[in-house]
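Student: Letter by letter, the chains look like this.
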Amino acid sequence: MAAWARRLWARLRGLFGGGRSDAERAREIASHLALLEEEFRAKGLSEEEAHRQARLKLGNATVIREEVRQMSGVPFMENLWRDVAYALRQIRKSPAFAATAIVTLALGVGVNTAVFSVVNGLLLSSLHIRQESRVVTVGFKQKGTSWISNFSFAEFRDLRDQTKDVFSDVFAEQYGLDGLSVQGSQPERVFTGYVSGNYFEALGVRPLLGRFFLPSEGKTPGADPVMVLSYAYWKRYFGGDPNVIGRHVSLDGHPMTIIGVAPRSYKGVVTLLAVQAYLPLAMVVPVENIPQDIWNKRANRNMYVYARLAPGASAQKADAALAVLAHRFASEHPKSEKDAELRGFPLYLARTGNLDARNSIAVVSAFFLGLTGLVLLLACVNVANLLMVRATVRQREMVIRSALGAQRSRLVRQMLTESILLALFGGVGGIGLGMLGSTMLRSVNLQTDLPLYFDFGFDWHVFLFSVGTALLAGALVGLLPAMRVARANLNVILREGSRTVVSGGGRFRDALVVVQVGSALVLLIVAGLFCRSLVKLEHVNLGFNPSHVLAMTTDPSEIGYNDAQSGDFYQSLLTRLRALPGVESATTSGSIPMGVIDNTSDSVTVSGYQLPPGQVAPQIPYTVISTGYFRTMQIPLIEGRSFRNSDDDKSPYVAIVSEAMAKKFWPHEDAIGRTFTAGRDAAHPLQVVGVARDARYQDIDGPIAPYFYLPYLQHYQQNSLESLELRTAGDPDAVIPEIEGAIHRMAPALPIFEVKTMHQALYTPNGLLLYQVVAVMTGIMGILGLALAVIGVYGVLSYVVSRRVGEIGVRMALGAQRADILRMVYRQGLWIVGIGLVLGLGASLAVGHLLRSMIAVSATDPLTYIAVSAILMAIALLACYVPARRAMRVDPMQALRVE
Amino acid sequence: MSSKEREPAQILQGTLDLIVMRTLETMGPQHAYQIATRLEQVSDQLLSLNQGTLYPALVRLEQYGWIAGAWGRTENNREAKFYELTRAGRKALAKETERWRTMAALVERFLAEEA
Chain A
1 MAAWARRLWA RLRGLFGGGR SDAERAREIA SHLALLEEEF RAKGLSEEEA HRQARLKLGN
61 ATVIREEVRQ MSGVPFMENL WRDVAYALRQ IRKSPAFAAT AIVTLALGVG VNTAVFSVVN
121 GLLLSSLHIR QESRVVTVGF KQKGTSWISN FSFAEFRDLR DQTKDVFSDV FAEQYGLDGL
181 SVQGSQPERV FTGYVSGNYF EALGVRPLLG RFFLPSEGKT PGADPVMVLS YAYWKRYFGG
241 DPNVIGRHVS LDGHPMTIIG VAPRSYKGVV TLLAVQAYLP LAMVVPVENI PQDIWNKRAN
301 RNMYVYARLA PGASAQKADA ALAVLAHRFA SEHPKSEKDA ELRGFPLYLA RTGNLDARNS
361 IAVVSAFFLG LTGLVLLLAC VNVANLLMVR ATVRQREMVI RSALGAQRSR LVRQMLTESI
421 LLALFGGVGG IGLGMLGSTM LRSVNLQTDL PLYFDFGFDW HVFLFSVGTA LLAGALVGLL
481 PAMRVARANL NVILREGSRT VVSGGGRFRD ALVVVQVGSA LVLLIVAGLF CRSLVKLEHV
541 NLGFNPSHVL AMTTDPSEIG YNDAQSGDFY QSLLTRLRAL PGVESATTSG SIPMGVIDNT
601 SDSVTVSGYQ LPPGQVAPQI PYTVISTGYF RTMQIPLIEG RSFRNSDDDK SPYVAIVSEA
661 MAKKFWPHED AIGRTFTAGR DAAHPLQVVG VARDARYQDI DGPIAPYFYL PYLQHYQQNS
721 LESLELRTAG DPDAVIPEIE GAIHRMAPAL PIFEVKTMHQ ALYTPNGLLL YQVVAVMTGI
781 MGILGLALAV IGVYGVLSYV VSRRVGEIGV RMALGAQRAD ILRMVYRQGL WIVGIGLVLG
841 LGASLAVGHL LRSMIAVSAT DPLTYIAVSA ILMAIALLAC YVPARRAMRV DPMQALRVE
Chain B
1 MSSKEREPAQ ILQGTLDLIV MRTLETMGPQ HAYQIATRLE QVSDQLLSLN QGTLYPALVR
61 LEQYGWIAGA WGRTENNREA KFYELTRAGR KALAKETERW RTMAALVERF LAEEA
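Listed in order, the protein sequences are those of chains A and B. When you line the first sequence up against my numbering, it's residues 1 to 899, in that order. When you line the second sequence up against my numbering, it's residues 1 to 115, in that order.
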């Protein structure tokens, strides 16, 4: 055993057997003293003198024992234990102070924890796959478009076959919504993932039960009717039945065999949507009725492509190989891949399905964490102020202990222990509050029946973050008062008593409160901007009238209908619905405004329209609608006509365009009668028969994008998933049972989902929901910030008044009026609040500038800035009033007597 | 006090350990009082220290496992704790002595050069 190890062992032994060795040491020293006394007595000294001389010769026995005790045992741990015990005693002695500090810190840590748990769930939590950092999501871009993560099957094949030197695996996933039926039961809608045969292998995920797909599966359409269940779905719908392997089910009427169950930990690559069943990639062709020519079309981009870097290949090398491939794409397929760019993106960007870094959730997350950091800062400043007051009160105690030989570093450590202990208590409370907050955030009604999956659970990331935040807060709040103790001039304090300690640090405390006021203003202005955005958007003219409209979605293919059957179904359903009392009009559409399902767009080519140089044909969103749509939605037609029942697949193909689209392509002429082609069916040019007033479909804010409408009867293929929209005379909710009854009389097993009024439907992640959530969250943070800042202002002024009672007494005795005293206190308060406001306004302008793409009002919206500043000012001055009044009521006689 | 030249020599950090070990080597098992007395004798009163300063050194050496203490009786039948070099202690002493000599010679050489 090395000497140091032996020594450590001896120390550790000393730590636990400390008492015994100390007693033994005392015995040894006593014997030593006895021997010394004997020596002096032998030299002829008196008993008394020998006793004295022996002690002189030995030195201070207590000091020796203390020194030796420090050596035996681990002093750090021993001291830590002593400090903790002492700090606990101190905390127990002043419960009000402790409670204030703990609650304040708990709020600060709680807000941070809640927001971090969301960020963690969205971006950081483990996907439970092998070597996550080696997997990229491949992005595709053409000139004039933003990065997308979708590819066609042909492109996926090329990517897979032509990047073998940089990627060990290239795999794909495409999503679908299908009806799963077990032994003829009513189909359940499932969110399906169609994956390439190497998908699970490449991710390094092992099946919980049965097997996953073979590399050969998923290549030929319809060849592999097998299915893998997600753990959650297996538990929920099959009761965790271990005999599920080999069971036959039907998916949209196609027979399938269950071959495996995915492990519990694996929840997909795109974490927001929880895939419930996996199928081989090419099975999407029969299940979703995709015609062969569309499946093979290069521009039909519906699948996400991921790739695992080959051993030794770097991301840069992979990007270089992708660039070469992009070049080849562009030259070999100029029609579909002109000016193509390819690049690998980190997997976390794929999680939320948005590769565009500027608007990505990562930026928003960072922004929110910044705001919560500000709240924590405010909380810390308050607690630091509290601790500083206490430190001043306890200064004499510290000085005396210091004079008695306590090292300053020990005193500093003791104070730090106390504040870190407070912070840890606060942290525990904060974790509790954070869990509550994240549960609240998770339960936000997303207004959709989709299996949206918010995993804001508490994993070790969140736990470490909270504990780290709490410790940081503890060190932050403890350091300031501790440093003051360390710097304090002992002699002055001992000599002059407690009175003169006032001045030191006053400036510094004022500065802290200035920071608080400024930070609170930033938080409030951010909240104000978001609230104003929400209010503005809630009253924005959508172009359609959402009141008295009921919407619901069905997909007859989920019960095995083919496209023609679905078309007939909708036609006769509409006839029946329109006949129902209380229903004024009824229609169907492929998607609903702000909806999250089936928002389609297509590349539009207009003969004679000159594209900007180098750009590809623009992608324009559209929807397929039935007759009566414009009447139901109350979108006025500016020109031309709406669709008729005669617009079917035997008549010329027609379209109705929005005002914005008409302006874009035919700015100076009449759009009626013009033709354009959509990429999905270039063989049938579309003739414009009407122009409709602009309506907002996907962007609730910003310029209204061009849009067009196609008649259902000409496009029923591949469009079995339709939303029904009904305009009702009375309360739309009241007719729901009747309408569901009508549907089920025609197709008893047909699942109906997303039943809601159009008002409710606006509160989706695409619509108002995010604004609403953000407005509420920033509002909570703003109010917290305001409260903390007000407490700060109040605290610092109260403290100042309490320390200046004597001075105020003298002033009053010398003839100062109460108003003078009031003015004196207010002057200081005004300075603090004023400087804080000015700094806060500057910071808010900077933050607002960062926010400008996320808000619907101007980043310098004067109303917000003025109103919020005024509110903060008024409340802060109100907070000054209480200490000011106390100052006015000082009784000069009493104050002077205390002096 | 005008006793600049009579000021006792300061003990160099770490040398006390060596001195204690050497004392134990030449004198056999000793208690703290004996060690301290011996130190004063050998140094001709030049090293006059508070005898208590010995204790940290004793504790340290004991922790290293270089000396071992055991209770015994003095000639006058008083109880005292006797310290003895261990085998590891003897080895360490040889090594430390060697190191001290090298160090002292080195410092001496520098001092000679200065003069």
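Everything labelled a hint here was simulated from the structure, so no lab data went into it. Just so you know, not all the hints are guaranteed correct.
Residues from chain B shown here face chain A by an in silico Cβ test under 8 Å; the list is partial [as the list claims (entries may be wrong)]: (1) A32; (2) Q51; (3) V59; (4) R78; (5) E79; (6) K81; (7) F82; (8) T86; (9) W100; (10) A104; (11) A105.
Derived DEER-like restraints, expressed as beta-carbon distance ranges [unchecked claim]: (12) A:N79 <-> B:R109: 38 to 46 Å; (13) A:H51 <-> B:E108: 41 to 49 Å; (14) B:N50 <-> A:V393: 38 to 46 Å; (15) A:N79 <-> B:A88: 25 to 33 Å; (16) A:A30 <-> B:F110: 43 to 51 Å; (17) B:E98 <-> A:R408: 34 to 42 Å; (18) A:G432 <-> B:A88: 48 to 56 Å.
From chain A, some residues computed to sit far from chain B (all C-beta separations above 12 Å) [stated by the list, open to error]: (19) E28; (20) A50; (21) K141; (22) Q292; (23) F367; (24) L441; (25) L577; (26) Y609; (27) I780.
Since this is a predicted model, take the numbers as computed values, not measurements. Every residue gets a Cβ at the ideal spot worked out from N, C-alpha and C, and that includes glycine.
Student: Please check whether the beta-carbon of K141 of chain A is more than 12 Å away from every beta-carbon in chain B.
Tutor: holds (68 Å)
Student: Against chain B, does F367 of chain A hold up as non-interface, every C-beta pair farther apart than 12 Å?
Tutor: holds (55 Å)
Student: Tell me if the interface restraint on A104 of chain B is satisfied: Cβ within less than 8 Å of some Cβ in chain A.
Tutor: Hint on A104 of chain B: violated, closest Cβ of chain A at ~23 Å, above 8 Å.
Student: Holds or violated: the hint that F82 of chain B contacts chain A, with Cβ atoms closer than 8 Å.
Tutor: At about 11 Å, which exceeds the 8 Å cut-off, the nearest Cβ of chain A leaves the hint on F82 of chain B violated.
Student: Given a hinted range of 41 to 49 Å, is it respected by the beta-carbon distance of H51 of chain A and E108 of chain B?
Tutor: holds (44 Å)
Student: Test the statement that Y609 of chain A is away from the interface with chain B: the closest C-beta pair must be farther apart than 12 Å.
Tutor: holds (90 Å)
Student: Decide, holds or violated, for the assertion that all CB atoms of chain B are farther than 12 Å from the CB of A50 of chain A.
Tutor: At about 14 Å from chain B, A50 of chain A clears the 12 Å cut-off, so the statement holds.
Student: Given a hint of 43 to 51 Å, does the C-beta separation of A30 of chain A and F110 of chain B actually sit inside it?
Tutor: 46 Å Cβ-Cβ, so the 43 to 51 Å window holds.
Student: How does the Cβ-Cβ distance of G432 of chain A and A88 of chain B compare with 48 to 56 Å: does it lie in that range?
Tutor: holds (54 Å)
Student: Holds or violated: W100 of chain B as interface residue toward chain A, Cβ cutoff 8 Å?
Tutor: Status violated, d = 17 Å.
Student: Looking only at beta-carbon atoms, does the pair E98 of chain B, R408 of chain A fall within the given range of 34 to 42 Å?
Tutor: holds (41 Å)
Student: Determine whether the Cβ-Cβ distance between N79 of chain A and A88 of chain B falls within the hinted range of 25 to 33 Å.
Tutor: Taking Cβ atoms as reference, N79 of chain A and A88 of chain B lie about 30 Å apart, which means the hint holds.
Hints 7, 8, 9, 10, 11 and 19 from the list above are not met by this structure, while the remaining hints are.
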